[in-house]
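Chemist: Quick note: the sequence shown uses our numbering, first residue 2, plus one each step.
Worth flagging that the hints you see were computed from the coordinates, not collected in a lab.
Note that the structure is a prediction, hence the values are computed from the model and not measured.
The reader is advised that the hints may include incorrect statements.
Claimed, not checked - In silico DSS-like links for lysine-lysine, alpha-carbon gap of 27 Å or less:
1. K103 to K115
2. K71 to K83
3. K54 to K71
4. K54 to K65
To be verified - Simulated DEER-style distance windows between Cβ atoms:
5. A108 to I88: 25 to 33 Å
6. L12 to H39: 35 to 43 Å
7. D100 to K65: 50 to 58 Å
8. R90 to G64: 36 to 44 Å
9. H39 to M16: 30 to 38 Å
10. G45 to A75: 44 to 52 Å
Each residue gets a CB set at the ideal place from its N, CA and C atoms; glycine is no exception.
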Amino acid sequence: MQEVLQAVESLSRHMERLGEHMNHLGERMDKLDAKVDHVHTELGGRLDALDAKTDRNYQELDGKVVLLRKEMHARFDEIEEKQTEVIARHSERTARRMDVMKLDFEALTKRLEKQELITRHLL
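Could you put the whole structure together from the sequences, leaning on the hints where they help?
Modeler: Pasting the structure below:
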């Protein structure tokens, strides 16, 4: 019986130590849970800040792209306008040259006709 009492006492001490270990493990798990929650919250905050920064950068770049497109279209409009002016000037010059050539041709034709008349009279 003495042995049974000693075994019960020994079991009681082991159970008490096991309870202490369980309490200690519970405290450590609570600390780790708190630490994980803190890190999770901190990382969530960082992620939110990065998302906000990314959104701002995107909006800024989108604004720059819109401005560049407007500038590009304005430059193309200027180029088209200048091309139209150059074509108009070239067309005017060509028309004048054609008029001069026509007048030259008419003058040559008249001279040729005159020469033919003179040649006919001489023959």
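Chemist: Quick check: which numbered hints come out false for this structure?
Modeler: Violated hints: none; all satisfied.
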